[in-house]
Amino acid sequence: MPLSKYVRSTGLAGAAAPLLSACEGPQSALDPAGSAAALIARLWWPTLFVAALVTLLVLTLLAVAVLRARRKQAALPLNARQSRNLMIAGGILLPLAATIPFALSSFSIGRVIEAPVPDDAMTVEVIGKQWWWEVHYLDETGERIATTANEIHVPVGEPVRFLLKSDNVIHSFWVPNLKGKTDMMPGRTNVTAMTADEPGVYRGQCAEYCGTQHALMAFLLVAEAPEAFDAWLEGQRRSAMEPETGAQAQGRDVFLDAGCAGCHTIRGTPADGDLGPDLTHLAGRRTLAGATVPNRIGHLGGWITDPQHVKPGSRMPPSDLTPEELKTLLDYLESLE
Amino acid sequence: MTLETPATPHDRIDSAEQATQLERTWHSPGGLLGWFTHVNQRMIGKRFIITAFIFFLLAGILGILIRLQLAGPEQQFIGPELYNQFFTMHGTVMMFFFAIPVMEGFAIYFVPLMVGTRDMAFPRLNAFGYYVYLIGGIVLFGSLLLSMAPNAGWFNYVPLSSKLYSPGYGVDVWTTMITFIEVSALTAAVELIVTTLRMRAPGMSLNRMPLFVWAALVMSFMIVFAMPAVIVSSTLLILDRLVDTQFFIVEGGGEPLLWQHLFWYFGHPEVYIILVPALGMISTIIITFTRRPIYGYTALVLSVVAIGFVSFGLWVHHMFTTGLPQLGMSFFTAASVTIAIPSGVQIFCWIASLWGARIRFATPMLWVLGFFAIFVIGGLTGVMVASIPFDTQVHDTFFLVAHFHYVLIGGAVFPLIGATYYWWPKITGRMMSETAGKWSFWLAFIGFNVTFFPMHQLGLEGMPRRIYTYVEEMGWGDLNLLATIGSLVLATGFGVTLINAIWSVLRGRRAEPNPWGAPTLEWAADSPPASYNFRHIPVVESRWPLWDWEQAGERAVVTGLRHDRREVVLTSVLDAKPVGVQVLPAPTIWPFVSAVAASMGFIGIIFHPIFFVIAFFLVAFTLVAWFWPRRPWRDD
Ligand code: HEM
Ligand SMILES: [Cu+2]
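Line by line, the protein sequences are chains A and B. So the first sequence is residues 1 to 337, counted in the UniProt record's numbering. So the second sequence is residues 1 to 636, counted in the UniProt record's numbering.
For reference, chain B alone in the conformation it holds in the complex:
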């Protein structure tokens, strides 16, 4: 392996036959059966993204149904049983099956491209994570169709979720599906961490890493540290429900508050797991559409890291009304308001970057500007609820519903849609319509505020969340009607983007490799990228390699990787010096079979413990097949 500095085009370095051979090596098999063998990171990333958006659509429909039921007092449209399933499913699916997986999906797709490598560190594990997610999601929605969906809320408090108060299979399905998501998120996180730390293009030292990659890295570490808490809590709950342990049962000496601690120790960071990658998307979009280096790279990185750390010290602010000691809780007030500082630093770095820039107001940028308006409000109401006395009034009311939708939709979904417009040409090779994009933005922006702003007032007027109806004399009818109208506008806004996307796939204009003039490596690949991502692994000399190359008229690349097997360059953690070559495994059906076997076990134990044993042996068998040594000639 050597570093060379040839000018593009590639043909100077290797022949057309070699390129064909490279394509053959990295090719994903076709056909229906082939589909289940894919391991390339772009395949898996794309599947995560598409599946997650389908769940967004489904959970969004539930959200609209919820809003229709609440449009007026004492409506009979949806009864309490169904309504409770709807909001539980809406929350669970939005948080676990849409927000986290979609962020993982974007990270899986773009991190390897942005760090200039050809795949991720453990491609088969990646595929396994996806199938587990897919199966989990299908089973969860299946339970809704069978009308046995979970109905204890997305944080599933005990003892309401215990066997006594939630008989039936709903909560079992919930705990089991959460386990699926945990497994899937952990595989993605491990994957992303190793890829980011060891597979960056030569020269991409940590301080040259794109901000989105930093954000994905922080997200992954947060997943690794947060998920175990919910794995523990959901396992204890499964045990309580299936084999009558008493972890959460008061009569047996158990402690319901334990659930809340464990759940929120995970649950609070989880919100930031969703937010942090979105912050990375914003920086990325701002850099490209201001066409200049961002101000405060280091400050931005440090704030994201700080947010990651601090978010683990806030969980008790979800429990201010449980009767814990005041003094202890005050600590969590203090910790919660400190989050304002890293968030503030980010916002003002972005403002400094926008100031005096020649901003290009393409659709992605519009969504980012919308983010500012919404997120600032969501952040401020977040500071408000950090106050214990104030929180005792608005906790579990529609004020909270307003707050977290401002943060989640404003802070995560808006940047996400922006990023979708931004990266769309890279993923599909086609452009989306700018006009439709702008319509979509304005409808969603107005619809969003009309839906959720009035909810602040509803909360202050005493409207609790998770109620399927309210009596007329409460006087909440008008604002609720307004919110429902807003939600229809909001849904139309998102719908326009959906149509825009479908239209673009069918007959959108073809995209060039770098339609927005962006500086990061993913734009050096074709649109859509070839199955090997980069014909030659690039060598990086600054944070803005594509802008450098534009100026220099040439670029440095790595040569000498073999074309006949899946080779990637390994580099050192800090300064990305090349240290070796790794051969990645080829497509295989085993991750899929393994995921099916594991799912059989997880789902089966709801009905009978014997499935645990069966699945244990099945999984062991599939793992043997999965790790069967490769043929020697591929492994030298």
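Here chain A stands alone, though its shape is the one from the complex:
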């Protein structure tokens, strides 16, 4: 269970668990950790209750009608007036009574959720790729100050504005524990804002079908105390660590020579490809390949040798390295804190 180390507990496991743990899970809309998701979850429970009530009512009426028909002597049919009243009560008043409060409360929740955030809120630009997430942190002037991929850190308790973009197909940005989804439409920038109220690691996943590996296009959202976040961001702004050992230096050369640099950037080195994720601080990330496998050396080696095995269809080609080259490369990558 590689992910469970850093993703919220999945609650009980086992056969009876699904119903008990109805609202838990690493990616559950009903396990809110942010105000938007909390409001929506709060809308859900009364809605479910009313829906269950309506279902029960209709099916009970139906059951009574049917069961009475099975009895020996026929029950009395409704006369015209009774039928009309039943139709008006059930067909018009009941839907109105059930849906008007529901619609009104969803309007007002919508207004709260989409209320503008303060201008000085932190802004993160997220760009949907096939099939991973490019993440840029912006300063007040909109300049990119740090770049990472597939893992977004935010300070707890502070609203964060996300600028959502795509330069390819449509994706959808979604962290169910925090808020509903917003699409990433090519040619426009959608904006969504959310606040994580509790520290934790939440999982987000692409919610608009975007091609072959739509299934494994996920990311982690790490909500941490503001100080920890600041330290993290500071780290992300820096260029990559210089190799400290000979093996690491060799690994860097492998990286530059074996074609990796054509697609990946490692800031502070000549590698400045932009087709794949920025690897400047790869070792600090918790997962690989869009939150598909944990970032451990074994998985990293497996991914580099044969990405198509881990994530068939991925845009990363396999590489043909000698065991020695691979070992130094991994050494180097592991050092990129």
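Simulated from the structure, these hints should not be mistaken for lab results. C-beta atoms are modelled at their ideal positions from N, C-alpha and C, and glycine is treated no differently. Please note that a few of the clues may not be correct.
Below, simulated EDC-like cross-link-like pairs (lysine to aspartate or glutamate); rule was C-alpha separation at most 20 Å, straight line [unchecked claim]:
| hint | chain 1 | residue 1 | chain 2 | residue 2 |
| --- | --- | --- | --- | --- |
| 1 | A | Lys165 | A | Asp274 |
| 2 | B | Lys46 | B | Asp526 |
| 3 | B | Lys163 | A | Asp167 |
| 4 | B | Lys577 | B | Glu541 |
| 5 | A | Lys327 | A | Glu242 |
| 6 | A | Lys165 | B | Glu251 |
| 7 | A | Lys165 | B | Glu255 |
| 8 | B | Lys163 | B | Glu74 |
| 9 | A | Lys327 | A | Asp257 |
Away from chain A, derived, C-beta distances all over 12 Å, residues of chain B [claimed, not checked]:
| hint | residue |
| --- | --- |
| 10 | Ser15 |
| 11 | Gln21 |
| 12 | Leu68 |
| 13 | Ile231 |
| 14 | Val243 |
| 15 | Val271 |
| 16 | Tyr295 |
| 17 | Pro464 |
| 18 | Leu506 |
| 19 | Pro528 |
| 20 | Arg543 |
| 21 | Asp548 |
| 22 | Gly580 |
Given the coordinates of chain A, assemble chain B with the ligands onto it according to the supplied hints.
Coordinates of chain B with the ligands only, in the frame set by chain A:
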């Protein structure tokens, strides 16, 4: 032409020779070549129904394969490439090649019978529509066998479906086949509208029309107004892909959202195009198995019409997450929840009709009762997703997959199977086994709920739709396994009906003309109906003509139609007063040839534009032959 009131039997009015002559006139030629010339509405309707059910079977198998792949986390059974083709094909085939055509098929078969006429207004067009559908379906499935099936989802969003992100022929096949279906649906719709409005039996004023006929009429108008939007969008996409126009390409100033508006402007009504005829089937079955007039005929008609109208104002609720302005979208929330009212009115009219009735619990009625349980849940989750904030959480998740299967299977397939049991004796002249019917129902009902109910929770737990796999720590494995087990039970349930049907054709008990004691005109014809449907066109005096005749012991019919050519009575739109006689065309091969020529063009342009020119002239030629004036003696 005169109206007379003879008692049955028919022989009082005309001789046995005349009956033979009538049979000869309306006869469909035999032989293999003859098969391609048939134009009678019952032939065409039956073909639509059978072909559509074959597609249901094929798409159902894809559904099961999808479920097998999802049964556990990180399974290797089907890879992403194939899985994406599977769900795209499953959705496309279910929606376009099963649900709409099967409803059209039932309407084509039963509307003329229910309004008491001998064929449809444009029999050759009818045949043309069928061949276009058949060819389209075969090509689409052929593409799956060649492993070049479309894989951009059943709503085929741009830019994923553009040439850049979907190279290869898959999406071309998709857009082209959708065009086929549009053409076929439009021909059926026009056909049904004219037949319903102008060919009803004398006396069947609009307010005496059977509820299924009303539903088919509303469905047809919806097709006429909805289909053009998808014709436009798929044509623009074909142009983008084949001749590099830029309608949807951002870099060229195009707009991907345009596709979504056009598609859903069609796509939302399309769901109701499937649902509305099913509502008509439910009313029909309830009337017959409660053996009394339904309560709220007018209310039922008005609600179906209202559903038809309102469904055109809802399309944006498929686009709540695209970043459109909140206020504008709120309008669509309001419009979407209002659908609850006409649906509620229908449900409670039916409950009022069932209350205190002597219900006969035959198989068709069972499927209708199953419909209630499932459809109410599907309708309520539908209201839920009309809420913008809630929808942003469940949109594109398995909650949605659960919702629309509750509506589509519960709302359309269950009534459809019920209607199949109900009308089976009319179509085939044989009864199906009641015991097998009940087994089939219970298996399908339980299997359905076990399959789809857990999906609500999966969606709330964050499982997106259209994913071929999921990592183990998501904790979605147990419910998915349950759903997969359910789908096997569900498939077994439908399988029992299939076996029941085959068995019935081979050795089912012979059916009388009216085995269920129903009140509508189709049951006045033989089982199966003769090629001319009715020996004498009936005259109608109420909504329940067969019950009237039973009481009166006699019936009024129209006499004076000629036996030596295909004559039908035309009546006025509102009150069905006879106004004339129309001669319908006879069997011919040309609609088939024409459909083949048109298909050559549509399919050919995927490969080379020259096919457009070739097909243009071929079709023009076949149309000339098709409309070649009939011999004068047949046309006086
Ligand atoms: C044997 C019964 C059926 C089973 C087991 C089944 C199963 C499924 C499943 C699991 C999906 C989700 C696939 C995914 O998101 O990865 C799906 C999608 C879908 N189903 Fe079904 N289904 C059945 C019958 C039907 C019927 C009767 C209809 C319509 C009349 C239908 C229409 C659709 C549509 C439109 C989609 C969406 C396809 C897409 O995402 O493009 N299904 N089905
Ligand atoms: Cu995506």
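Verification of the supplied hints:
1. A/Lys165 - A/Asp274: holds (16 Å)
2. B/Lys46 - B/Asp526: holds (16 Å)
3. B/Lys163 - A/Asp167: Holds: B/Lys163 and A/Asp167 sit about 15 Å apart, inside 20 Å.
4. B/Lys577 - B/Glu541: holds (12 Å)
5. A/Lys327 - A/Glu242: holds (18 Å)
6. A/Lys165 - B/Glu251: The hint holds at about 14 Å.
7. A/Lys165 - B/Glu255: holds (15 Å)
8. B/Lys163 - B/Glu74: violated (30 Å)
9. A/Lys327 - A/Asp257: holds (15 Å)
10. Ser15: holds (46 Å)
11. Gln21: holds (48 Å)
12. Leu68: Check passes; 16 Å lies beyond 12 Å.
13. Ile231: About 23 Å separates B/Ile231 from the closest Cβ of chain A, which puts it past 12 Å; holds.
14. Val243: Since the minimum Cβ distance to chain A is about 21 Å, B/Val243 lies beyond 12 Å and the statement holds.
15. Val271: holds (19 Å)
16. Tyr295: The claim is violated: B/Tyr295 sits with its nearest Cβ about 5 Å from chain A, within 12 Å.
17. Pro464: Given a closest Cβ separation of 5 Å, the condition is violated.
18. Leu506: Consistent with the label, B/Leu506 stays out of reach of chain A, its closest Cβ about 33 Å off (over 12 Å).
19. Pro528: Nearest chain A Cβ is 31 Å from B/Pro528, so the label holds.
20. Arg543: holds (16 Å)
21. Asp548: holds (20 Å)
22. Gly580: holds (39 Å)
In summary, the structure is inconsistent with hints 8, 16, 17 from the numbered list given earlier, while agreeing with the others.
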